[in-house]
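**Student:** Residue strings, one per chain:
Number of protein chains: 2
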Amino acid sequence: MLDQNKLQQLDRMFHPKTVAIIGATKEPDRVGFSILSSLIKGGYPGKIFPIHPRHKEILGIPVLPNLEATGGTVDLVVIALNEKATVGILEECGRYNVAGAICVAGGFKEIGHEGVDLQEQMVEVANRSNILLLGPNTLGMINAKARLNATFWPIDLRVDGTISIVSQSGGIGQVIGFKTYQEGLNFNKWIGVGNHAMLDFDDLIQYLGEDQSTEAIGVFLEGTDNARSFIEIAGHYAYRKPVVVLKAGQSTLAQTCTLTHTGSMAGPYQIYEDVFRQFGLLSVNSPLEFVSVLKAVTLAPPLLGNGVAIITPSAGPSILLVDKLELSGANFVPFREETYQRIKHLFVDVPVILKNPLDAASAGYSADSYLQLVEGIIQDPGVDQLIAITIEHAYRRFPARDLVAIKEKYGKPILVYYIGSEHINEVQHLCHSGGIPLFASIEETAWGATGLIRHLRIREEFNPNAV
Amino acid sequence: MLDQNKLQQLDRMFHPKTVAIIGATKEPDRVGFSILSSLIKGGYPGKIFPIHPRHKEILGIPVLPNLEATGGTVDLVVIALNEKATVGILEECGRYNVAGAICVAGGFKEIGHEGVDLQEQMVEVANRSNILLLGPNTLGMINAKARLNATFWPIDLRVDGTISIVSQSGGIGQVIGFKTYQEGLNFNKWIGVGNHAMLDFDDLIQYLGEDQSTEAIGVFLEGTDNARSFIEIAGHYAYRKPVVVLKAGQSTLAQTCTLTHTGSMAGPYQIYEDVFRQFGLLSVNSPLEFVSVLKAVTLAPPLLGNGVAIITPSAGPSILLVDKLELSGANFVPFREETYQRIKHLFVDVPVILKNPLDAASAGYSADSYLQLVEGIIQDPGVDQLIAITIEHAYRRFPARDLVAIKEKYGKPILVYYIGSEHINEVQHLCHSGGIPLFASIEETAWGATGLIRHLRIREEFNPNAV
Chain A
434 MLDQNKLQQL DRMFHPKTVA IIGATKEPDR VGFSILSSLI KGGYPGKIFP
484 IHPRHKEILG IPVLPNLEAT GGTVDLVVIA LNEKATVGIL EECGRYNVAG
534 AICVAGGFKE IGHEGVDLQE QMVEVANRSN ILLLGPNTLG MINAKARLNA
584 TFWPIDLRVD GTISIVSQSG GIGQVIGFKT YQEGLNFNKW IGVGNHAMLD
634 FDDLIQYLGE DQSTEAIGVF LEGTDNARSF IEIAGHYAYR KPVVVLKAGQ
684 STLAQTCTLT HTGSMAGPYQ IYEDVFRQFG LLSVNSPLEF VSVLKAVTLA
734 PPLLGNGVAI ITPSAGPSIL LVDKLELSGA NFVPFREETY QRIKHLFVDV
784 PVILKNPLDA ASAGYSADSY LQLVEGIIQD PGVDQLIAIT IEHAYRRFPA
834 RDLVAIKEKY GKPILVYYIG SEHINEVQHL CHSGGIPLFA SIEETAWGAT
884 GLIRHLRIRE EFNPNAV
Chain B
434 MLDQNKLQQL DRMFHPKTVA IIGATKEPDR VGFSILSSLI KGGYPGKIFP
484 IHPRHKEILG IPVLPNLEAT GGTVDLVVIA LNEKATVGIL EECGRYNVAG
534 AICVAGGFKE IGHEGVDLQE QMVEVANRSN ILLLGPNTLG MINAKARLNA
584 TFWPIDLRVD GTISIVSQSG GIGQVIGFKT YQEGLNFNKW IGVGNHAMLD
634 FDDLIQYLGE DQSTEAIGVF LEGTDNARSF IEIAGHYAYR KPVVVLKAGQ
684 STLAQTCTLT HTGSMAGPYQ IYEDVFRQFG LLSVNSPLEF VSVLKAVTLA
734 PPLLGNGVAI ITPSAGPSIL LVDKLELSGA NFVPFREETY QRIKHLFVDV
784 PVILKNPLDA ASAGYSADSY LQLVEGIIQD PGVDQLIAIT IEHAYRRFPA
834 RDLVAIKEKY GKPILVYYIG SEHINEVQHL CHSGGIPLFA SIEETAWGAT
884 GLIRHLRIRE EFNPNAV
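Order-wise, the sequence lines are chains A and B. Residue numbering for the first sequence follows our numbering, starting at 434 and increasing by one per position. Residue numbering for the second sequence follows our numbering, starting at 434 and increasing by one per position.
A couple of the hints might just be wrong.
No distinction is drawn between identical chains; accordingly, a pair holds when it is met within one copy or between any pair of copies.
Unchecked claim - Listed below are the simulated DSSO-like cross-link pairs for lysine-lysine, each with C-alpha atoms no more than 30 Å apart in a straight line: (1) 777 to 459; (2) 480 to 578; (3) 517 to 777; (4) 517 to 788.
Quick caveat, the hints were computed from the structure, so don't treat them as lab data. Remember, predicted model here, so these are calculated numbers, not experimental data.
Using the sequences and the hints given, assemble the complete structure.
**Tutor:** Laid out in structure tokens, this is it:
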């Protein structure tokens, strides 16, 4: 937990006017090159100071020999040196009003005794120098809105994301980041906490909880000694901002692995799961589920009940969806009589049984009847969210814009499960822009719809203003 | 079960020299247009007879008024008429030595009493006329090697697939088909059994079991009265050709839905699962798992034991993989002393703990050290399959060709878990061409690796020639 001063200092670290990279280098295989490249590629508008004792220029940017040569305040320092040199340079940073330092080197707590001592020494220096320390053993952090990519992951930044990620593992953070991008979504902030020697989950969740541009928080956790503080602060925000948590360490071997990864004991998985639920966090079991839930809760309008309707041009996919959804508390209400009256004219001479889920057969293919079905069914008072399944076909276009208009008119979540490949990106973009999450698999659709229901329960249970 | 005559007749149906489409039409919204379009787009080299009482030509192909006008034998007839007309035309087909008929219309057993009678009548006609009947209520079937797309799903055909699919639902068949394509894989035969009024799962599994060009069989099942016969015949082939089965109907509502879909009771899910296992079938829980297992078993060389090694540039993804794999019987053996000797020179001055899974940190990024690690580890006698994790990076290329060469040299399965997006298709193509399955998510990697272990057990348990 951070006090107001520290929160402001952390905000300066995330919105730096100047960034120094200590250990910048010309060798493309090295971390110090990738970090500089990330800053440039990301379009960082502030001042960049690559620091190296001998180089004059890297990637077109003048290199300084040391921090002193920057001539003034440096808001953020990225240290791309080995573990021993990292601690030394941190001492020097203290003299230049540095708000925060990212230490990427490994070789600390995660390797055992010697590393533990070095890490303690580093934290002591950072505390004494009033520097907020991210890492060590971290990929770095990204603030997409500030066009700040301070990681050694040189990706293009997209600026309108509302999902922020806190990951104990850089690799899992990348898994989640790549998948988020593939889904046409963007993240807002992406933070690799690594060994979380100083800045810990609780601090960063607190920061993101207060951050206006973050609408949902995703956390990948291996383990932390401050689990209680993390869960309490996450629970404090969870009914307003969904907090999705993926926890490693279900198996015995995995628990051993986390110790040598970021120096944390994973802890008994089931206990974590139970506590997450008690505090209103959305616990998930895999990265695909993680992104599906974040997608649903950030794109769709708030859900108001657990009634689910499905319309589909082919029964099979709806049957597998029902299998996955019914086990998670979705309620497949029979439609009201007036709903049947609204849609029955679409099935004259079509041998179809009208029920929920509705296998609309050929009426589920043509855009016109498909839209009439969606509008006819979404008005049903028992239907709180509608899953519209569609199968790509060479001679038909999916009516994404009209579907968005219906969603706007009735204000209930519509989720699309799109079976196909050729036009999916274009249709997904139209749907996502209009607040309709589109999924490409049954598994992800089920996770998304279930995520909405789970977050509804959390809002009902934890919101002090709920009626 | 089919006798030799019927098997040969079925083979004629799958390799027709002539195809008639009864109910071909010019309206692009209708099934009779899509089927003709599928045949043309698929590149079918045989003779196509669109049949319609008034049209003269559709899509550039001359139309005949009736079957008689074909002037001789028709091997395959696709009937795109409504349910009542379908039965009538089947009677007529009997006079032209038709090997098989695909009946796409719904309105039979799946809609209740009236439909049940009509379906019985249709089967009686087909039996009397010696016609093999596929459907009714089916999307049709594809034989990619014969360039025959006799479905109303006009996709491009790819001809070198080894996976054949039998699906009770056209929609799930398409889910699986699209995903197979997206994975850069192709299918060999794709068969929608629909209401399986005559040609049932057992017949088609028997045919595919004997089919030299099919190396693995995937089945989506809702339910069948002939479950015993299906499972016995599938079990007969399962140790030679992996048979992957996805069964719908875990939830109560889903069981009701299957009845109104293809007229079959789903039956208690757990009983099916147990019986599948007893007979050596690979039961899966979702379409993504279905395709992942088929991909692994068809691309990788045969597995010889349950020892798994993982190498990764970042520990997090390997920890989640271990979580999923350890629960399924994978054995993460410690490496032998000589293995450590082979690789330790790659970690001079790199603070890494040598163990399995191996978090190789920076040595897991450069192609050169990555390949040395793979070759050093795969020689370990305790390692039966190796999962190589890689993270896409702007300044590094994944050494797919060299990895294939190592796999060829040692003959053990290598699976790649590729974290990234930009170059995945190109890398996947190189890997798949060389017998290395590449997966894009932790979930799919785990399913693939587990599938290999499960099929190893089946080979050991059911192969009468196993030593």
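**Student:** Can you name, in rising order, the numbers of the hints this structure does not satisfy?
**Tutor:** Every hint satisfied by this model.
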